[in-house]
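K.L.:
With the hints as constraints, model all of the structure from the sequences given.
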Amino acid sequence: MIVAERKSLEEIRRTIAPYERVLIVGCGTCATVCGAGGEREVALLHAGLRAMEARSGEGWHTFLEFTVKRQCDAEFLDALVDRVREVDAVLSLGCGIGVQAIAERFPTLPVLPGVNTSFMGMAKEWGVWDERCAACGDCRLAETAGICPITRCAKGILNGPCAGTKNGKCEANNEMDCAWVLIYQRLEKLHRLEDMRRYYPPRNFRVIPRPRRIVSKAEVAVGGNNG
Amino acid sequence: MQSFAIHNLENHHLARPKRAAEDHSLIPPCQAACPLHMDIREYVSLTAQGRVMEALQVIRSGNPFPSICAHVCAHPCENACRRAQVDKPVAIRALKRFAVEFGGDRMVECEAETTHDERVAVVGSGPAGLACAYYLRKLGYLVTVFEAHSQLGGMLRVGIPKYRLPREVLDTEVERLARMGVEIRTNARVVSLDLLFDMGYKAVFLTVGAHQGLRMGIDGEESPGVIDGATFLREVNLGLKPSLGERVAVVGGGNVAIDAARTAIRLGAREVNILYRRSRAEMPADDVEVEQALEEGVQFKFLVLPKKIRRQDGYLKVNCVRMELGEPDARGRRQPVAVEGSDFEMEFDTLVVAIGQAPQMPGGFGVRVGKGSTIVVDPVTLTTNRVGVFAGGDAVTGPATVVQALAAGRQAAGRIDDYLQHRYPKDAAESRETLVGDLRPETIEMIRRIGRIEPPALPPEARTADFTPIEMVYDWEAAVNEARRCLRCGAGAEILFQDKCASCLTCLRVCPYHVPYVDATGAVRIPADQCQACGVCVAECPARAIVLRRPYDRRQVAGELEHVLRSAAQTKPRPLVVGFCCQYGLFGTGSLSDLWREAGGSIWLVPVLCTANVEAHHILRAFEMGAEGVFIASCGEQCARENTEFWVRQRVEKARRVLSEIGLEPERIEVLVPSDHNGSTAAEQLDAFAQRIGTLYLASILMQEVRS
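First to last, the protein sequences are chains Y and L. Take 215 as the starting number for the first sequence in the working numbering and just add one per residue. Take 421 as the starting number for the second sequence in the working numbering and just add one per residue.
These aren't lab readings, by the way, just hints derived from the structure by calculation. Check before you lean on any hint, since a few could be wrong.
[To be verified] In the DSS-like style, the derived pairs of lysine-lysine whose C-alpha atoms are separated by at most 27 Å in a straight line are: (1) Y:LYS283 / Y:LYS369; (2) L:LYS1074 / Y:LYS221; (3) L:LYS661 / Y:LYS221; (4) Y:LYS338 / L:LYS1074; (5) L:LYS791 / Y:LYS283; (6) Y:LYS403 / Y:LYS383; (7) Y:LYS431 / Y:LYS338; (8) L:LYS727 / L:LYS622; (9) L:LYS846 / L:LYS920; (10) L:LYS791 / Y:LYS338; (11) L:LYS622 / L:LYS661; (12) Y:LYS283 / L:LYS1074; (13) L:LYS721 / L:LYS737.
P.N.:
Structure representation (structure tokens):
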């Protein structure tokens, strides 16, 4: 799941400044699950902005709110068609993908991000989210006992642990587990400790050509008898 | 499942909104167990909030004579109460008594208009007859009640001792009935139903009760000094003072036996024994009454059965045999079996036989009589074999409870109405489901234990001198605390918008009772029979897909807040301080309300059902509307739930963060607890908080002036 975090009210205030009527749009999928941009956060941001306007004494914005099922699919954005007619800008609480999807769907509408898209991760417990995947496009989890050193090691090294590990914690943050110690312990449980002895050649650090695209449909010619 | 049509018809004179269509709550076990189908959860909840007049309104909408039930109801609701699975059932009857007394039931005026020409005769003025008369009158019929005795009430008057049901209570209800326009004819024993029809009555409700004491059928039962329980109680209740002698025995194990024994004690008997052929566990009498009888000095001789009575030298020599419990019968009650050769003799002055009663039907009625000389009726329509003659109450069921009789009376009123208006009797089906099932052990584990508070009663030695009522009414605090024990079964949370649910599992992670779960298909479920209606998941669900099942609960915080903000806007208090207060705890018991009055106009309280229902945006809304400070008065250790303060502080921190982002001091939001770490009370904390807000307010005004 994509994890995001609300931007500061000050930043949001600056970005919405030119627009009088602003529609706050939540996303009912990842942004809801990570507690950054679901219907509840939309309501909270709305209340916060209104309070800010009221207290500053110079409020002239009007806000509307709406939450769609998922911002990153154009079909779900059809629900916004009537609503965006009445506003000057959209403040999206979806991830960066959602912001762009709305921008693509409504070519003449200013779309502003209300959250910072932070990482891909999961809930550790209620209210705590941890990064788990860097989307590096070259998954090595089979060799590292299902624990990703790219995201969970501060250095992202493939042959750990480094000398900075101490009592199972990382030198960069002594509250953070050393990913390589975790990998060692889990390999031990899997009776595959010999995997620790192997040398893993460096990853391909060449810049990934962006934007990436995956085509899963086959190229087929329709109409002939296809051979 | 009977006569809900009446239940709704009954509402018209009370300003009580009809049950909204969006109410998804389930019928709780207490309500399902009540013959009158009273909305117990609702009035207990209102009592817990201190809204006692509204509680009484709910009670009156479902019960024609709440003050009577408040004293003598056998409370099948309490037997069904699921709180018993945690500690002890909620003291529902005592709470009803509180609502009746403190809500001013005495003042309630019932009105009825005559809208029909048909006249109906009610034969017998016990609870069933009175209830039937009440509801028929409400429906607009002319009703006449015929009573053989000199006063109305039936068993309420001649059966139930005065120490349990003060006669003023009964008189109040009877007077109210008379003021509604019910014609009352006392000392009027009906001997022929034909006569009633000849007099112009179009329908008759037979409710003659079961006053004929059953006999044991043993030798010597005719001896002077042997009396049946019903007759004994009738004589005493009608003002006679039978001379009992010093040693009295009562045979039987039901409520009548207990009543007779306790009455005998009050009449001055030195030694009162109850002879019962089974053991204490099998006794059908109410536990509390057995307990009270013991306190008053009644002695119980279990597993004893009289075999023969002899009168000798002015005494009764009672030959008894010891019993032992054998195999359970069809109803699961273990059958007593005589022990061979265990005969023994006891000596008494008086023997009261209270082993049951049966109806006594005058021959002229011509109604079909079945087992135990009870009248045979159709269970749905309550019709007898005679056209236009309906029957209910003990005369149909055999000796039963007051509340069953009231329900029969209400049912009869509806069916007589159907009959007179030529309608097919509707079986008004209840659309809501009934909650079934026990609490799971892991849920029970998490429910805070709060002991049941019994209403105060006179000490045993003060009771037995006369027939003074022995039970007193709760004080305000005890009632609120007792009512707070209600688990609000069936009124919990539900995922109303399944399409919104992102399956984030927040509800599952925040539930203090481990109620939500993921089912085999991967969907999140909140089982209605386990939810404790604390509202934490409702306030935390990031998709806002969860709501409380009752519409009122859903809108409560926002509704009250807007109300307060509107009122505050009109009076323009400066600086405005808004406080969310637990309506059950601090506020409900009045400890904050005094302070609120003293604090003058600037502090405005928003009563909430539980402070865990207050969300960050509610707090911010107050600031938007001009509040200079907001506090949440958490009930702390008083709370009926665990962890409420944790959730309150979570919401406060969330709001504080936003507050500091918009340039206001986070300390403008405060959590008050009944007693903080310095030992200062909520009132002292509020005082300090209000001063702080005053200072901040002055500072902000100065800043503004400096700027301009």
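K.L.:
Would you list, in rising numerical order, the hints stated earlier that this structure does not obey?
P.N.:
1, 3, 5, 7, 8, 9, 10 and 11
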